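Student: Heads up: the protein sequence lines correspond to chains A and B, in order.
Each residue of the first sequence is one higher than the last, beginning at 1 in the working numbering.
Each residue of the second sequence is one higher than the last, beginning at 308 in the working numbering.
Any given hint might turn out to be false.
Using C-beta positions, here's what the derived DEER-type ranges look like [stated by the list, open to error]:
(1) A:Arg259 <-> B:Gly521: 34 to 40 Å
(2) A:Leu94 <-> B:Asn394: 40 to 46 Å
(3) B:Ala479 <-> A:Asp294: 31 to 37 Å
Covered stretches of chain A, as calculated for chain B (at least 3 residues, CB under 8 Å) [said to hold, decoys possible]:
(4) 67–73
(5) 172–185
(6) 235–247
(7) 296–305
Source of the hints: derived by calculation from the structure; they are not laboratory data.
Keep in mind the model is a prediction, meaning the values are calculated, not measured.
In this text, a Cβ means the ideal position worked out from N, Cα and C, and glycines have one as well.
There are 2 protein chains.
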Amino acid sequence: MSLLVVGSVAFDSVKSSFGESGRILGGAATYFALAASYFTQVRVIAVVGDDFTDKEEQVLVRRGVDTSGIVHEKGKSFFWAGEYGENVNEAKTLDTQLGVFGNFDPQIPEKFKDTKYLFLANIDPVLQVNVRKQLPTAKFVGGDTMNYWINGHRENLNHMLKEIDALLINDAEAKMIAGDPSLARSAQKVLAMGPRALVIKHGEYGATVFFRDGAFGIGHHPFRAPTLPIEKVTDPTGAGDSFAGGFMGYIASQDKLTREVFKRAMFYGGVMGSFAVEAFGTERLQNLSRKEIDERYAAFRELTHLE
Amino acid sequence: MSLLVVGSVAFDSVKSSFGESGRILGGAATYFALAASYFTQVRVIAVVGDDFTDKEEQVLVRRGVDTSGIVHEKGKSFFWAGEYGENVNEAKTLDTQLGVFGNFDPQIPEKFKDTKYLFLANIDPVLQVNVRKQLPTAKFVGGDTMNYWINGHRENLNHMLKEIDALLINDAEAKMIAGDPSLARSAQKVLAMGPRALVIKHGEYGATVFFRDGAFGIGHHPFRAPTLPIEKVTDPTGAGDSFAGGFMGYIASQDKLTREVFKRAMFYGGVMGSFAVEAFGTERLQNLSRKEIDERYAAFRELTHLE
Numbered sequence: 001m002s003l004l005v006v007g008s009v010a011f012d013s014v015k016s017s018f019g020e021s022g023r024i025l026g027g028a029a030t031y032f033a034l035a036a037s038y039f040t041q042v043r044v045i046a047v048v049g050d051d052f053t054d055k056e057e058q059v060l061v062r063r064g065v066d067t068s069g070i071v072h073e074k075g076k077s078f079f080w081a082g083e084y085g086e087n088v089n090e091a092k093t094l095d096t097q098l099g100v101f102g103n104f105d106p107q108i109p110e111k112f113k114d115t116k117y118l119f120l121a122n123i124d125p126v127l128q129v130n131v132r133k134q135l136p137t138a139k140f141v142g143g144d145t146m147n148y149w150i151n152g153h154r155e156n157l158n159h160m161l162k163e164i165d166a167l168l169i170n171d172a173e174a175k176m177i178a179g180d181p182s183l184a185r186s187a188q189k190v191l192a193m194g195p196r197a198l199v200i201k202h203g204e205y206g207a208t209v210f211f212r213d214g215a216f217g218i219g220h221h222p223f224r225a226p227t228l229p230i231e232k233v234t235d236p237t238g239a240g241d242s243f244a245g246g247f248m249g250y251i252a253s254q255d256k257l258t259r260e261v262f263k264r265a266m267f268y269g270g271v272m273g274s275f276a277v278e279a280f281g282t283e284r285l286q287n288l289s290r291k292e293i294d295e296r297y298a299a300f301r302e303l304t305h306l307e
Numbered sequence: 308m309s310l311l312v313v314g315s316v317a318f319d320s321v322k323s324s325f326g327e328s329g330r331i332l333g334g335a336a337t338y339f340a341l342a343a344s345y346f347t348q349v350r351v352i353a354v355v356g357d358d359f360t361d362k363e364e365q366v367l368v369r370r371g372v373d374t375s376g377i378v379h380e381k382g383k384s385f386f387w388a389g390e391y392g393e394n395v396n397e398a399k400t401l402d403t404q405l406g407v408f409g410n411f412d413p414q415i416p417e418k419f420k421d422t423k424y425l426f427l428a429n430i431d432p433v434l435q436v437n438v439r440k441q442l443p444t445a446k447f448v449g450g451d452t453m454n455y456w457i458n459g460h461r462e463n464l465n466h467m468l469k470e471i472d473a474l475l476i477n478d479a480e481a482k483m484i485a486g487d488p489s490l491a492r493s494a495q496k497v498l499a500m501g502p503r504a505l506v507i508k509h510g511e512y513g514a515t516v517f518f519r520d521g522a523f524g525i526g527h528h529p530f531r532a533p534t535l536p537i538e539k540v541t542d543p544t545g546a547g548d549s550f551a552g553g554f555m556g557y558i559a560s561q562d563k564l565t566r567e568v569f570k571r572a573m574f575y576g577g578v579m580g581s582f583a584v585e586a587f588g589t590e591r592l593q594n595l596s597r598k599e600i601d602e603r604y605a606a607f608r609e610l611t612h613l614e
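Please build the complete structure, drawing on both the sequences and the hints.
Tutor: Below, the structure is given as structure tokens:
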């Protein structure tokens, strides 16, 4: 089934201990769409400037992504420059230029109104709610957010949390929303604020999904998927968005939302995140084979599988 | 088979957000012995002062632990006072008094010389090597260490690493020994220094075992065991030692060291660590039932089990 992502399509410039990327294609919706494209048909809604040319668009088109929802405006695309030090879990932002993204007002075109799976990447929660309301027949809605909205736009964020089925955030964000240093308690507090499922991404330790009691009819026990220890993390940018793409993409590809589907989605999320960090930008996500994905999935399973 | 632990038997005083413990029984060897006692016969070598009375000894004796290797000396037992703030992964040390532990010179009595499984808890690596050499027929030797020895006694530590089969440390210690910010690379570097297996404990994220190529004839793929997200971490003291006790205890209880045995040992380690933190000191480890342990083991398995 079709999966729609609304978020940033942008340019990045990344420095890490493995070198410098130069100006490359980036953005949450880009990572998400590429990762999800290995599982289902993906549609993108975003805004870009004059610097986004056919060359960039073809990166998505080659993966079968429907780019007709990308609005072209006069000006520059969103740009982010960052640097990763010894701790690859923390990026130092060197430059941010919103460009045309500053006036992003996503509208779902008529032809996308049949979309059943929706992912609201990290944008203003007011826009996230607007988009969600334009798609009342969506079956499953996932969303992301970040510290900027948690700290400065709390009422809007609280509203957004009531409009989504699954929130995908990291440890620090979960604790920040809950105002609690305990991850386990934070999970329960965030679930009480709206989403039926909460996926907390632990970086190199994997990710855990927590459920509200009886959510989706699949009980309330949490489930954790690992990631393989990676020696060469070239560029951690987009790992979380790639996780979300693998996760939502796999769910959208399945007829029913069972506990097993959720579990496998968590593993596929980890798999796509682990590929994303192996090269600068979206390079690794552009040319994967299904065989590579299946082999890593099997390796992840073996990593924690007890007879 | 008998499992011998050499390390501290001590008193602790712990403050956490759940209250204050008062002066209670602690020490790495104590936590280890209690956790391991649910799987195999345990022997302890330690030194204590006059303050260690029959009341404390009975805590171990009631769990079937052989305490005849605990040497009583004139003076005070090792004492540690600490406080856990909002971040339960970091203790603030308020007081340390070495007492008779300052002259600890562990000797293995003749009757313990048939021991096949040995755990060298966190003590001076010179003493760890001395003990290991007194037990040349040991089948499997595990060891622990800490930042103090890593930074200040490097040559002795390097020697110790060549004398053990499995090193059990946490993320920060692994990176410190390797001098590398990447956990995956650090694991390979530490393995190259001696141990055939390296168990890295990730706190609330579980633990991963890395193997040297072909170690124990069970390949080189790592294996990760999770821990359940715990909402009420009353006292994290001894969690790592309890992990080690469950891990080594289970291995000592099995005839052969297969990959499946190693995997289950990792899970049992996580199980015992998770019980330890639920109450102050060793309280929770004193009165567990095999049923409680098996139920939590099943819950841990379900947490990551993919069909």
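Student: Next, verify each hint and record whether it holds.
Tutor: Going down the list of hints, with the structure as the test:
| no. | hint | in the structure |
| --- | --- | --- |
| 1 | A:Arg259 <-> B:Gly521: 34 to 40 Å | 37 Å, holds |
| 2 | A:Leu94 <-> B:Asn394: 40 to 46 Å | 29 Å, violated |
| 3 | B:Ala479 <-> A:Asp294: 31 to 37 Å | 35 Å, holds |
| 4 | 67–73 | violated (count 0) |
| 5 | 172–185 | holds (count 5) |
| 6 | 235–247 | violated (count 0) |
| 7 | 296–305 | holds (count 6) |
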